[in-house]
Amino acid sequence: MLLSRHRRVLPGFRLTIGFTLFYLGLIVLIPLAATFAKTGELTWHQFLRAVASPAAFAAYRLSFGASFLAALVNAIFGLLVAWVLVRYKFWGKRLMDALVDLPFALPTAVAGITLATLYAQNGWIGRWLVPFGIEVSYTQVGVFVALTFIGLPFVVRTLQPVLEDFDQEIEEAAATLGANRFKTFCRVILPMIFPALLTGFALAFARALGEYGSVVFISSNIPLKTQIVPVLIMNKLEQFDYAGATALAIVMLVVSFTLLLAINWLQWWNTRHYEQT
Amino acid sequence: MPYKRPKRPTTEPALVRWILITGALLFLGLFLVVPLVAVFVQAFSKGVGYYLHTLNNPATLSAIKLTAIAAGISVPLNCIFGVAAAWAIAKFDFFGKNVLITLIDLPFCVSPVISGFVYVLVFGAQGWLGPWLIAHNIKIIFEVPGIVLATMFVTFPFVARELIPLMQAQGRAEEEAARTLGARGWQTFWRVTLPNIKWGLLYGVILCNARAMGEFGAVSVVSGHIVGQTDTMTLYVQALYENYDSTGAFAVASVLAFLALMTLGLKEWVERKGATLAEAERKS
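Chains as they are written, first to last, in the working numbering: chain Z, 61 to 337; chain H, 8 to 291.
Derived from the structure by calculation, the hints contain no laboratory data.
Each statement offered as a hint is correct.
Straight line, CA to CA, 25 Å or less: simulated SDA-like cross-link-like pairs of lysine to any residue:
hint, chain 1, residue 1, chain 2, residue 2
1, H, 274, H, 79
2, Z, 243, H, 23
3, H, 53, Z, 184
4, H, 53, H, 71
5, H, 280, Z, 154
6, H, 205, Z, 74
7, H, 290, Z, 221
Residues from chain Z that face chain H, not an exhaustive set, calculated with beta carbons under 10 Å:
hint, residue
8, 77
9, 90
10, 142
11, 169
12, 175
13, 245
14, 277
Idealized CB from N, CA, C, for every residue including glycine.
Working from the sequences, and respecting the hints, build out all of it.
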């Protein structure tokens, strides 16, 4: 038999793979399959009414738009933060490095009520924005702020190891050949760290798309205006519109699975990219 | 002429460095430090008396208990799963391994709201098992078991994801040597594998626990939202906030923020410990 060509020395394959598949099936696969099966019970009319309604389109637009902008801001500032943390020495560096993971550790509901309070018109940050006519809490800008907060660690944490392993001899070579620092950064460093940057961006984007807890407090959840897709699903559930919620959930699941595959591919590209260089 | 240090070609001028550091610190300060400080300031805005009163409330204590139950069940189970999955994946070759690794990551990419919702579709009144559960008077959705299940789903990959790459990198040689020298299966695991993976395991458990205690969206879908019965700490924060007791909400939130800070501290410690051990191993 192909599998047992050489006898396995280590024991426990059947036990561990058995438990792994059983637990994976029970907790993850069967419930997810239930969602897809439930969609089969919907008529086309029901499905389209849920996923192609004006409220759904407005929610897609806000979810994708705000997530994209938040991931973009995180890519730019994440690059800055990762660069500063890896390359420079300054007071409080270790504390800042540890704090970067705060959005992972802080419950999203806590982040949500805190951001909503800070950016309200009488809040610590919001009051400084009032003279400029900028309202953050309870608007689409608020959604963007919350999504930026929860996506913050992704780009920093994907870039840090790559920058740490970066071979500085390449930069020296660029300097010897007459490139100034800015040119070296744009032409030498940036192309090399680009796959990692893109991976971080994709991770932040994927996380932002599904986010619920931090957004629900800072957006006022007005249909067609400040409602993101997860909040819209939640609304449908609260009205016991399970058909509508299932249809929207399927759309989101398909998008998330596609993103997961894209991210896996990016990470594979990432490792290959560095093995070559 | 005073000695002038030659410019290093691989760093930026001091002014550029200073601007970049300031920019990074401003961004982190605005998005991380200010919110963190705000949680504690808001929590104490009506004085220590009100703070202690909120925390000592039976509803708060019941929320803390429910959060502890959810984390107390989901973390150990996901921990056992993580070790089993990593053992199977790292120590053996089999068909479909990469698919399995991707499937384990699935819960990470599912929105928390949907993570809770999938259980409603299985166990809810209109779900697959709904009629049977009602007939046997078993309540899962809108009750504690639903909250535990939703927490298990969202924290599912944490331990496995730490251990799989770690155990793959460590290879099989040590375990195979132990077996050749006559160690039994479990002996090999306890004496050889576990000491090798303990820091990675601890790291995964810390992350898993932080997420289990902080989960909001998924438990929000499956909870009955009855204060004092089916509210976890995060749900109780929401209940207080929506009842215009913002100070009370921040008081409970400050406990969660404190736990988050503890998580970050522990994580730092484990990371450093792991790095020192790896360093020592490389030298010896």
